[in-house]
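Asks: Each chain, letter by letter, is given below.
2 protein chains.
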Amino acid sequence: MLSQVVELIENKDNFAITTHIKPDGDGIGSSLGLCWLLRSLGKNAEVVMNGGIPQAYSGLPGVDQIQNVSSVNGKYDAVFVIECSDLARPGIEGLEDQFTVNIDHHATCEHFGTINWIDSTASAVGEMIYNLCKAIGGRITPEIAECVYLALVADTGSFRYSNTSDRTLKVASELVKAGAKPAKVGEAVYNSYPWSRIELMRQVLDTVKRDGTGRIAILRQTLAMGEEAGSVDGDNNGFVNIPLAAKDIVAVIYMREIGKDQFRASLRSRGNINVAKVAEQFGGGGHKNAAGLSINGPWDEAEATLITAVSAAIDAAAS
Amino acid sequence: MLSQVVELIENKDNFAITTHIKPDGDGIGSSLGLCWLLRSLGKNAEVVMNGGIPQAYSGLPGVDQIQNVSSVNGKYDAVFVIECSDLARPGIEGLEDQFTVNIDHHATCEHFGTINWIDSTASAVGEMIYNLCKAIGGRITPEIAECVYLALVADTGSFRYSNTSDRTLKVASELVKAGAKPAKVGEAVYNSYPWSRIELMRQVLDTVKRDGTGRIAILRQTLAMGEEAGSVDGDNNGFVNIPLAAKDIVAVIYMREIGKDQFRASLRSRGNINVAKVAEQFGGGGHKNAAGLSINGPWDEAEATLITAVSAAIDAAAS
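Quick mapping for you: the protein sequence lines, in order, are chains W and A.
With my numbering applied, the first sequence corresponds to residues 118 to 436, in that order.
With my numbering applied, the second sequence corresponds to residues 118 to 436, in that order.
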């Protein structure tokens, strides 16, 4: 609960903050935002993470001070664990021996923390960090504002997804008033890729096709494409959503080759079409409109299998 | 001025509203938003326009009541002219004989109206319509909220452009509270294209290349591509921005073939690179970071000419 978090911060001094590996914008923005908040209150705080930080977040204030670690010892009064479904997600050993504060906005989150503050009405953990700042009587510094604004932008698709509430936009307004620059954050999140993203997009989009009914779009990313483009992790962010620009497309299957006859598939859908259930049939999972799974087999066969499964989900939603 | 607009509305009863031909989201959203505001105040109001409405706006409340006209006579107490640089932009005859109210957020707008209300600090005319509603003591109905929210989204690139202020986001928050649905508006603006958009994107992106310095990206759209894709007006919206996702690209040249050796070129740039000045060299114009022009000649020669001109603008910005 929020009141427990406030009390902890008021009574202790040494904190670490961590989030899941391969952090998204909400994970990294909220972690840094909380770090700046704690420091502004006169506390010792540092962000600890295992692994690299995507280029999109390299301009955030404090990102150069993040500690790259694979374990933590007992030197902290508490470790804040941001946007993690369980305690293994940060990929850091020793967390189970720490006093941990679990902060998340996913209702499905395990209550693994010593304190658990879960608010599934928040669009992003960033919104919760803003609320924490207000609850503790802190000032939104320009550093907090920039980090938390990025968290909001990342998790709401720049205020386009259905999780965008009037409160989200009110918080965003306050963050801009406190110094966040929407254009700067937008450039960082959407326009800081290497050229290989464009080259990869060209090749992937060249494979686009529709199923026989014209309702499902299919995209393929071969191993060779990634190599030819010299692409890096994350270059294909959002490619799966491109065909949804066409109003008649209600689902997308994005198949990425990861080895001989081995594929990762990302699924997207509109409205009531539940692709999480499709993914579960293949041992994967996700949300209703965005899910993922692994599948083997000759490419054409695996694709046909997925088209059949997604078609069934479309028909189920229509009935 | 706003006070004159309020006084006019309070004292008169019969209004028309119009905007420029080929309306963008701000033009159509603000026009319909104002129409709903006037009606909620018990006034007679209708939107009159010359020409079609893009598919993206077909779901807006009131769009089916828009009058398609090529001229207006004297039956209105006043005609509101939304987001037009001059009185020719609506493409409607007879406006010069009307009492007109010019509402715009572009500082360069001609003061062609009987009343001129220009607010260049507003991100969109939509923000001004919200302010008008507040100034006149009106209630933000769900219809007003949805139309004005779309206007804001369209003119700020979903709150990503530098015109997004804390006031913009505050207004957006109030509109959502009043009934606007961010996800619905986002779907309408970004995801309501025909399939031909995807096919055209595939073909255009297949032409992507960089200049020798790796700073300029070039895209080509041939007449044949549009025909093969069966594409419609607006299908290529935003294609010119795709290469800006790569951080090393500081300018984009998008050349669209419109006839034998005839081209329309769209230019985009980052930061201080002024492509409006480049466009002016060829009789075109626009804003610092987004401009357009017409150019003739064999394709390769015209392209080389533009690369030289844009390169000079890049060098000028760096010096």
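To be clear, the hints were calculated from the coordinates, so they are not data collected in a lab.
Be careful, since some hints might not be right.
With a straight-line cut-off of 16 Å between C-alpha atoms, the simulated EDC-like cross-links for lysine to aspartate or glutamate are [said to hold, decoys possible]:
no., chain 1, residue 1, chain 2, residue 2
1, W, 377, W, 418
2, A, 294, W, 283
3, A, 405, A, 432
4, W, 301, A, 283
5, W, 192, W, 130
6, A, 287, W, 365
7, A, 160, A, 210
8, W, 294, A, 283
9, W, 139, W, 350
10, A, 298, W, 130
11, W, 326, W, 432
12, A, 139, A, 350
13, W, 298, A, 328
14, W, 160, W, 213
15, A, 160, A, 127
16, A, 364, A, 418
17, A, 377, A, 323
18, A, 160, A, 130
19, W, 364, A, 304
20, W, 326, W, 345
21, W, 394, W, 432
22, W, 326, A, 345
23, A, 326, A, 420
24, W, 287, A, 124
25, A, 364, W, 304
26, A, 301, W, 345
27, W, 326, W, 350
28, A, 192, A, 227
29, A, 326, W, 304
Every beta carbon over 12 Å from chain W, so not counted as near; a handful from chain A, in silico [to be verified]:
no., residue
30, 157
31, 181
32, 258
33, 291
34, 297
35, 300
36, 316
37, 323
38, 331
39, 345
40, 362
None of the values given here were measured: they were computed from a predicted structure.
We treat Cβ as the ideally placed atom computed from N, Cα and C, and that holds for glycine.
Asks: Decide, hint by hint, whether the structure agrees.
Replies: Now for the hints, and whether the structure bears them out:
A distance of roughly 14 Å separates the Cα atoms of residue 377/W and residue 418/W; the hinted pair therefore holds under the 16 Å criterion. For the hint pairing residue 294/A with residue 283/W, the CA-to-CA distance comes to about 5 Å; that is within 16 Å, so the pair holds. Proposed proximity of residue 405/A and residue 432/A is supported: the alpha carbons are some 15 Å apart, at most 16 Å. At roughly 14 Å between alpha-carbon atoms, residue 301/W and residue 283/A fall within 16 Å of each other, so this suggested pair holds.
For the given pair, residue 192/W sits about 11 Å from residue 130/W by alpha-carbon distance, which is consistent with the 16 Å threshold. For a cut-off of 16 Å, the pair hint linking residue 287/A to residue 365/W is broken: about 34 Å separates their Cα positions. A C-alpha spacing of about 24 Å is found between residue 160/A and residue 210/A, which places the hinted pair above 16 Å, so the restraint is violated. Of the supplied pair hints, the one linking residue 294/W and residue 283/A holds, its CA atoms being roughly 5 Å apart against a limit of 16 Å.
Taken as a hint, the residue 139/W and residue 350/W pair is honoured in the structure, with Cα atoms around 10 Å apart against an allowance of 16 Å. Of the pairs offered as hints, the one joining residue 298/A and residue 130/W is violated, with about 42 Å between alpha carbons and a cut-off of 16 Å exceeded. Distance restraint check for residue 326/W and residue 432/W: the Cα-Cα separation of roughly 20 Å exceeds the 16 Å cut-off, and the hinted pair is therefore not satisfied. For the hint linking residue 139/A to residue 350/A, the alpha-carbon distance of about 10 Å falls within 16 Å, and the restraint holds.
The hinted pair formed by residue 298/W and residue 328/A fails the criterion: a straight-line CA distance of about 31 Å is larger than 16 Å. Distance restraint check for residue 160/W and residue 213/W: the Cα-Cα separation of roughly 23 Å exceeds the 16 Å cut-off, and the hinted pair is therefore not satisfied. Among the hinted pairs, residue 160/A with residue 127/A is consistent with the structure: their alpha-carbon atoms are about 9 Å apart, no more than 16 Å. Between residue 364/A and residue 418/A the CA atoms are separated by roughly 27 Å; this puts the pair beyond 16 Å, and the hint is violated.
Between residue 377/A and residue 323/A the CA atoms are separated by roughly 21 Å; this puts the pair beyond 16 Å, and the hint is violated. Of the pairs offered as hints, the one joining residue 160/A and residue 130/A holds, with about 5 Å between alpha carbons and a cut-off of 16 Å not exceeded. Simply put, residue 364/W and residue 304/A have alpha-carbon atoms about 9 Å apart, close enough for the 16 Å limit, and the pair holds. A distance of roughly 22 Å separates the Cα atoms of residue 326/W and residue 345/W; the hinted pair therefore is violated under the 16 Å criterion.
Distance restraint check for residue 394/W and residue 432/W: the Cα-Cα separation of roughly 13 Å lies within the 16 Å cut-off, and the hinted pair is therefore satisfied. Taking the CA atoms of residue 326/W and residue 345/A, the gap is about 15 Å. The hint holds against a cut of 16 Å. Distance restraint check for residue 326/A and residue 420/A: the Cα-Cα separation of roughly 12 Å lies within the 16 Å cut-off, and the hinted pair is therefore satisfied. Of the pairs offered as hints, the one joining residue 287/W and residue 124/A is violated, with about 31 Å between alpha carbons and a cut-off of 16 Å exceeded.
For the hint linking residue 364/A to residue 304/W, the alpha-carbon distance of about 9 Å falls within 16 Å, and the restraint holds. A C-alpha spacing of about 38 Å is found between residue 301/A and residue 345/W, which places the hinted pair above 16 Å, so the restraint is violated. At most 16 Å may separate the alpha-carbon atoms for a hinted pair to count; residue 326/W and residue 350/W exceed this at roughly 25 Å. A distance of roughly 25 Å separates the Cα atoms of residue 192/A and residue 227/A; the hinted pair therefore is violated under the 16 Å criterion.
Distance check on the hinted pair: residue 326/A and residue 304/W sit about 21 Å apart at the alpha-carbon level, beyond 16 Å; violated. With a least beta-carbon separation of about 20 Å from chain W, residue 157/A lies farther than 12 Å from that chain, consistent with its non-interface assignment. Every CB of chain W is more than 12 Å from the CB of residue 181/A (nearest about 18 Å), matching its label as outside the interface. Every CB of chain W lies more than 12 Å from the CB of residue 258/A, the least distance being 16 Å, so the non-interface label holds.
For residue 291/A, the requirement that its beta carbon stay farther than 12 Å from each beta carbon of chain W is not met, with the minimum near 7 Å. Once the 12 Å rule is applied to beta carbons, residue 297/A is inconsistent with being away from chain W; the minimum gap is 9 Å. Non-interface status of residue 300/A relative to chain W is broken: a Cβ of that chain comes within 12 Å, the nearest being about 4 Å off. Residue 316/A, annotated as away from the interface, has a beta carbon of chain W within 12 Å; the closest lies near 8 Å.
For residue 323/A, the shortest C-beta to C-beta distance to chain W comes to about 6 Å, within the 12 Å cut-off, and the non-interface label is violated. The non-interface label for residue 331/A is inconsistent with chain W: the shortest C-beta to C-beta separation is roughly 7 Å, within 12 Å. Annotated as non-interface, residue 345/A keeps its C-beta farther than 12 Å from every C-beta of chain W; the closest such distance is 14 Å. Its closest Cβ contact with chain W, about 5 Å, brings residue 362/A to no more than 12 Å, contrary to its assignment away from the interface.
In terms of the numbered hints stated before, the structure departs from hints 6, 7, 10, 11, 13, 14, 16, 17, 20, 24, 26, 27, 28, 29, 33, 34, 35, 36, 37, 38, 40, listed from lowest to highest.
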